[in-house]
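Working from the sequences, and respecting the hints, build out all of it.
Each chain is listed here by its residues.
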Amino acid sequence: GNSVTQMEGPVTLSEEAFLTINCTYTATGYPSLFWYVQYPGEGLQLLLKATKADDKGSNKGFEATYRKETTSFHLEKGSVQVSDSAVYFCALGPGGGSYIPTFGRGTSLIVHP
Amino acid sequence: NAGVMQNPRHLVRRRGQEARLRCSPMKGHSHVYWYRQLPEEGLKFMVYLQKENIIDESGMPKERFSAEFPKEGPSILRIQQVVRGDSAAYFCASSQSPASPGETQYFGPGTRLLVL
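So the sequence lines, in the order shown, correspond to chains A and B.
Under this note's numbering, think of the first position of the first sequence as 267, with each following residue one higher.
Under this note's numbering, think of the first position of the second sequence as 28, with each following residue one higher.
It is worth saying that the hints were derived from the structure and are not from the lab.
Treat the numbers as computed from the prediction; the structure is a model and nothing was measured.
Just so it is clear, CB atoms sit at the ideal spot from N, CA and C, and this is done for glycine as well.
The reader is advised that the hints may include incorrect statements.
Said to hold, decoys possible - Residues from chain A shown here face chain B by an in silico Cβ test under 7 Å; the list is partial: (1) Ser-298; (2) Glu-308; (3) Gly-309; (4) Leu-310; (5) Leu-312; (6) Lys-315; (7) Thr-317; (8) Pro-360; (9) Tyr-365; (10) Ile-366; (11) Phe-369; (12) Arg-371; (13) Gly-372.
Unchecked claim - Computed cross-link-like contacts, DSBU-like style, restricted to lysine-lysine with a CA-CA straight-line distance of at most 30 Å: (14) B:Lys-71 x A:Lys-343; (15) B:Lys-71 x B:Lys-89; (16) B:Lys-98 x B:Lys-78; (17) B:Lys-78 x B:Lys-89; (18) A:Lys-318 x A:Lys-334; (19) A:Lys-326 x B:Lys-54; (20) B:Lys-71 x B:Lys-54; (21) A:Lys-318 x B:Lys-54; (22) B:Lys-71 x A:Lys-326; (23) B:Lys-71 x A:Lys-322; (24) B:Lys-71 x A:Lys-334; (25) B:Lys-78 x B:Lys-54; (26) A:Lys-318 x A:Lys-343; (27) A:Lys-326 x A:Lys-343; (28) B:Lys-54 x B:Lys-98; (29) A:Lys-343 x A:Lys-322; (30) B:Lys-71 x A:Lys-318; (31) B:Lys-71 x B:Lys-98; (32) A:Lys-322 x A:Lys-334.
In structure tokens, the structure reads:
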């Protein structure tokens with residue numbers, strides 16, 4: 267079955283530092299890949315996505331590239347802000363006959379001024 | 028264009044009571060998912076419904092939990108005889124075409140259930 271592995275958190279950075287949150291997956295077929303973000307007290311919201319190999323998703327300075335050869339979808343941002351503090355979830359879209367997406371456990375990011 | 032709505036946002040119940048959580052999907056969406064999130068844990072899938080049908084309830088406990096999505100009105104997640112371990116945030120998400128590549132799930136703000 268499908269699975270997603272994210273790096274354990276929390277990730278603690280100073281403002282303007284470079285961010286990488288690793289995500290690897292196992293999947294049947296070629297599912298779409300997503301990053302969702304959850305701010306404190308809120309629901310998840312889509313941050314970016316990619317639907318096929320070598321696609322790069324980007325939004326708000328974040329980006330991630332769909333790497334089929336390494337089965338990865340790492341999230342990066344060149345310069346984080348305090349307002350980026352949140353929990354980030356990597357996810358696989360439905361596939362392999364299932365309509366259920368697969369979410370990683372989430373990685374908490376804490377950015378200090 | 029209203030997003031996914033959930034109510035109540037916070038719910039306090041005593042052990043043994045019933046909890047009813049409501050979810051109104053985005054306009055035009057007929058696919059609803061329920062998830063549970065425990066503190067410091069990830070998102071756990073519970074059930075997937077379409078209008079008037081439960082498609083996949085593999086993540087839902089067999090006892091005390093039930094879900095419905097009637098032809099009219101919101102989807103309901105019902106927890107009977109709540110216990111302290113049911114305390115969690117419950118999120119609803121909706122989508123238009125789950126099988127379409129790149130199809131996004133739209134999440135509500137969640138209901139935070141506290142069982143005393």
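Hints, verified against the model:
no.	hint	result
1	Ser-298	holds (5 Å)
2	Glu-308	holds (6 Å)
3	Gly-309	holds (4 Å)
4	Leu-310	holds (4 Å)
5	Leu-312	holds (5 Å)
6	Lys-315	holds (6 Å)
7	Thr-317	holds (4 Å)
8	Pro-360	holds (5 Å)
9	Tyr-365	holds (4 Å)
10	Ile-366	holds (6 Å)
11	Phe-369	holds (5 Å)
12	Arg-371	holds (4 Å)
13	Gly-372	holds (5 Å)
14	B:Lys-71 x A:Lys-343	holds (27 Å)
15	B:Lys-71 x B:Lys-89	holds (15 Å)
16	B:Lys-98 x B:Lys-78	holds (6 Å)
17	B:Lys-78 x B:Lys-89	holds (21 Å)
18	A:Lys-318 x A:Lys-334	holds (9 Å)
19	A:Lys-326 x B:Lys-54	holds (26 Å)
20	B:Lys-71 x B:Lys-54	holds (25 Å)
21	A:Lys-318 x B:Lys-54	holds (28 Å)
22	B:Lys-71 x A:Lys-326	holds (27 Å)
23	B:Lys-71 x A:Lys-322	holds (27 Å)
24	B:Lys-71 x A:Lys-334	holds (26 Å)
25	B:Lys-78 x B:Lys-54	holds (13 Å)
26	A:Lys-318 x A:Lys-343	holds (21 Å)
27	A:Lys-326 x A:Lys-343	holds (9 Å)
28	B:Lys-54 x B:Lys-98	holds (14 Å)
29	A:Lys-343 x A:Lys-322	holds (13 Å)
30	B:Lys-71 x A:Lys-318	holds (26 Å)
31	B:Lys-71 x B:Lys-98	holds (26 Å)
32	A:Lys-322 x A:Lys-334	holds (12 Å)
Every hint, counting from the list given before, is met by this structure.
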